[in-house]
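**Q** Modelling step: build the complete structure from the supplied sequences, incorporating the hints.
Which chain is which? The protein sequence lines are A and B, in order. Per the working numbering, residue -12 is the first one in the first sequence, and the count goes up by one each step. Per the working numbering, residue 184 is the first one in the second sequence, and the count goes up by one each step.
A couple of the hints might just be wrong.
Unchecked claim - For lysine-lysine, the following PhoX-like pairs were computed, each having C-alpha atoms within a straight-line distance of at most 20 Å: (1) A/99 with B/186; (2) A/-5 with B/186; (3) B/196 with A/5; (4) A/100 with B/214; (5) A/99 with A/12.
Said to hold, decoys possible - For each label pair, taking beta carbons as the anchor points, the in silico distance ranges come out as: (6) A/70 with B/257: 30 to 38 Å; (7) A/1 with B/227: 37 to 45 Å; (8) B/230 with A/42: 15 to 23 Å; (9) B/197 with A/-11: 37 to 45 Å; (10) A/-10 with B/232: 21 to 29 Å; (11) B/214 with A/-10: 28 to 36 Å; (12) A/50 with B/251: 31 to 39 Å; (13) B/258 with A/101: 33 to 41 Å; (14) B/197 with A/12: 20 to 28 Å.
Read the hints as simulated data drawn from the structure, not as lab findings. Just so it is clear, CB atoms sit at the ideal spot from N, CA and C, and this is done for glycine as well.
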Amino acid sequence: MNRGDLFKGVIQWEMMTKDLSLEGKLPVFYYDNTSMTATLHRLHRQGPQSFFPCPICTPVEAMAGRALVAFTAFEYRKTDIDPYNEFSISFPITYPEKGLIPGITVLGMMAKKIFYGIRLAASRHDRAGAQGRRGHVRVSQIHRRHQLFP
Amino acid sequence: MEKVNRFKTYSVKDGVPLAANVYMNPVEFGKSMSGKAAQLTLGNHDIAKKLQEIKLSPKPLFFQYMPVMEAILYGPRNLMDD
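**A** Encoded structure:
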């Protein structure tokens, strides 16, 4: 998809907080951004459960005893809510009923192009904080769209 | 060429579970499985100390870089309406 095509045909609405201190648009457009993600593994499967809001969330293992964690840095240079930066720590997870086989589970997610994860993010921007996104926890499900090839 | 990705996010605000979609278009994209592609340095923040306890690998398994990407963040809605 060429630059700018993502926004074509998407209607935005003007929004404002109740105290009229902040205004913006929904959906929010991010026109010019950079991100980088490094995925590491942890030597122990146990550990970051304290980060998880859900006790049945199970970290996905790339190899036996080695779960994954992804670090991402975002630079939002031009957005509808002014520029800001964000950093997130994500833990790919699965659920007990889906089963967990080291390596196989994550390969299955890659094949389906669907990932589940717990994401801890912190953004450095007052406007982003006012919209409730500073220091938040998100559980994310990721899909790939417009699959033209496997 | 990487395709548009959809992130379906779930948050909780004021005790209400919320769902929201983020669509991301990687205009420029690169990836590497080289262990030298990235380096993580932990400081003395409380979260960094927690990360030190889980003994992260010294090198990344995978690195992904999008020097240019664009995205749309849709407003949240009650998860009941998802």
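**Q** Determine for every hint whether it applies to the structure shown.
**A** Outcome of the hint check:
Using a Cα cut-off of 20 Å, the hinted pair residue 99 of chain A and residue 186 of chain B holds, with the two alpha carbons roughly 14 Å apart. Between residue -5 of chain A and residue 186 of chain B, the direct Cα distance comes to roughly 16 Å. Compliance with the 20 Å bound is thereby established for this hinted pair. Restraint check for residue 196 of chain B and residue 5 of chain A: the C-alpha separation of about 17 Å stays at or below 20 Å, so the hint holds. About 16 Å separates the Cα atoms of residue 100 of chain A and residue 214 of chain B, which keeps this hinted pair within 20 Å; it holds.
Proposed proximity of residue 99 of chain A and residue 12 of chain A is contradicted: the alpha carbons are some 33 Å apart, above 20 Å. Between residue 70 of chain A and residue 257 of chain B the CB atoms are about 20 Å apart, so this pair departs from the stated range of 30 to 38 Å. For the hinted restraint 37 to 45 Å between residue 1 of chain A and residue 227 of chain B, the CB-CB distance of approximately 43 Å keeps it satisfied. Checked against the hint of 15 to 23 Å, the pair residue 230 of chain B and residue 42 of chain A passes, with Cβ atoms roughly 20 Å apart.
Roughly 40 Å separates the CB atoms of residue 197 of chain B and residue -11 of chain A, a value that falls within the hinted 37 to 45 Å. For the pair residue -10 of chain A and residue 232 of chain B, the supplied restraint of 21 to 29 Å is violated, since their beta-carbon distance comes to about 41 Å. For residue 214 of chain B paired with residue -10 of chain A, a C-beta distance near 20 Å fails the hint of 28 to 36 Å. Range check, residue 50 of chain A to residue 251 of chain B: Cβ separation about 34 Å, and the 31 to 39 Å hint holds.
Checked against the hint of 33 to 41 Å, the pair residue 258 of chain B and residue 101 of chain A fails, with Cβ atoms roughly 23 Å apart. Here the CB-CB span from residue 197 of chain B to residue 12 of chain A is close to 23 Å, well matched to the stated 20 to 28 Å.
Hints 5, 6, 10, 11 and 13 from the earlier list are contradicted by this structure; the remaining hints agree with it.
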